[in-house]
Amino acid sequence: MIWKIFTGFLLSGVIIAIFLLPAPQKELGDVSRIFFFHVPVAWVAVLAFFVAMVNSILFLRKNEIVYDIQALSAARLGSLFSILALVTGMIFAKNTWGSYWNWDPRETSVFILILIYGAYFALRSAVEIEERRASLSAVYAILAFLTVPFLVFVIPRVYQSLHPVESVIDTKLKFQLPLPYLLVFLCSILGFSLIFVWVHKLEILLCKFDKDAKKE
Amino acid sequence: MEIRSSTWISKSFWVFQKDIKSELRTRYGLNALLMFAVVTLTAVSFAVGQFFSSPKLISSLFWIVVFFSSMSGLAQVFIKEEESKTVSLLKLVASNESIFLGKLFFNLILLFLLELIIVPLFLILLGVQIKNFGLFVFVVLLGTVGLVCATTIIAAIVAKAHVKGALFAVLSFPILLPLLITVIYGTNLAFEGSEFSQGWNELKVLISYCVVMGVGSFLLFDFVWRE
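Just so you know, the protein sequences line up as chains A and B, in that order. So the mapping is simple: the numbering used here equals the position in the first sequence, first residue as 1, plus 1274. So the mapping is simple: the numbering used here equals the position in the second sequence, first residue as 1, plus 75.
Excised from the complex, chain A in its bound form (with noise of 0.2 Å):
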């Protein structure tokens, strides 16, 4: 309990500090605020693909529906934290290159996360058996996730990226990322991550119940 309390100050926190500080990048002004929420979102969507790999082997492992479950649950909030990684970011793209959409590499691998939980989703929705759909989409979570080195390490070297990785802000978060910039980034993506936490919980408690209201 205290820790949601907590999240929601941390959270009202950031969200207050990121509009009261100053743009963190005066050349792009406010659109480069942002950052703060985009990055955190990113994070999210690729942690919530992680645990559902993670659930997803733990089902094959022990067989209990549970994790099957809890797979479900983050594939969900994972396809809804990246289409906000995706919008956040298209905006982004739109005031600083000139264009929401131009195939770079950041925009292809989330395009391609999203596609993997549409599969996973399609599949999942595709089987009725349910100790069998459990089983099947496990696989196809832990083969999705077999490809992901292969997308870290081919897709930056056929298109040239514009996103800010040395340019503007990574390089400034490693040297030169002001310490309340930093701090609130931190927090940002903390807040973030608990916020996956808690509502990943609900998601899980949603949904056993729609399975016991199925059962009567």
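These are computed hints drawn from the structure, not numbers from a lab. Please note: incorrect hints may appear among the correct ones.
Computed footprint of chain A on chain B; a stretch qualifies when at least three of its residues, placed anywhere within it, have a C-beta under 8 Å from a C-beta of chain A [unchecked claim]: (1) 149-161; (2) 238-252.
Just so you have them, the derived chain B footprint on chain A, three or more residues with Cβ under 8 Å [to be verified]: (3) 1388-1394; (4) 1402-1410; (5) 1413-1422.
Cβ coordinates follow ideal geometry from the N, Cα and C atoms, glycine included.
Given chain A's structure and the hints, the job is docking chain B onto it.
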């Protein structure tokens, strides 16, 4: 131990032989693949014409043809077992590993045959010259092995689903994307006549993809196939 492993391999060869035999009776798989490939190839050839052929465009079109043809035919290996209700019998005769290996080799042969026909047609219709033939062969071979390694287990997954339809392509595409990007890049290099040393990075990615996907799907197949 040696005897066990040898029977295990030979059983996978039986599964392979059985599939070849049933394929020769109906020729459904190869026909579907081939007709699909020819139809898309014709469409591509009409659209692009013989005189405009940048290597980059041609190599992506080539792999689009291969990808969609394999989507139309490769799922059959497992779907036909489910449809003719021969799954239980197959399980009695052979272990999961040998079934998977047999099916994998069957798909591999099917796709190789397809490429044997489609590559010359492609070269004739689109008027492309392969300047580094060795690199082209390596990229196509490894690309085909990787494609089959990744899609055979998806074929098994799809066969267990109730609604099959477009599911195979939907599930395969995100997983095949890194492979497709790499083979398109590698084929482009071969068309342009780059040296082996320039294409070596692509070959490394392809080899590791084949190994990771092959081992991963081999280990995971057990969970798909058991009831």
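query = Does the structure break any of the earlier hints, and which numbers would those be?
reply = 1
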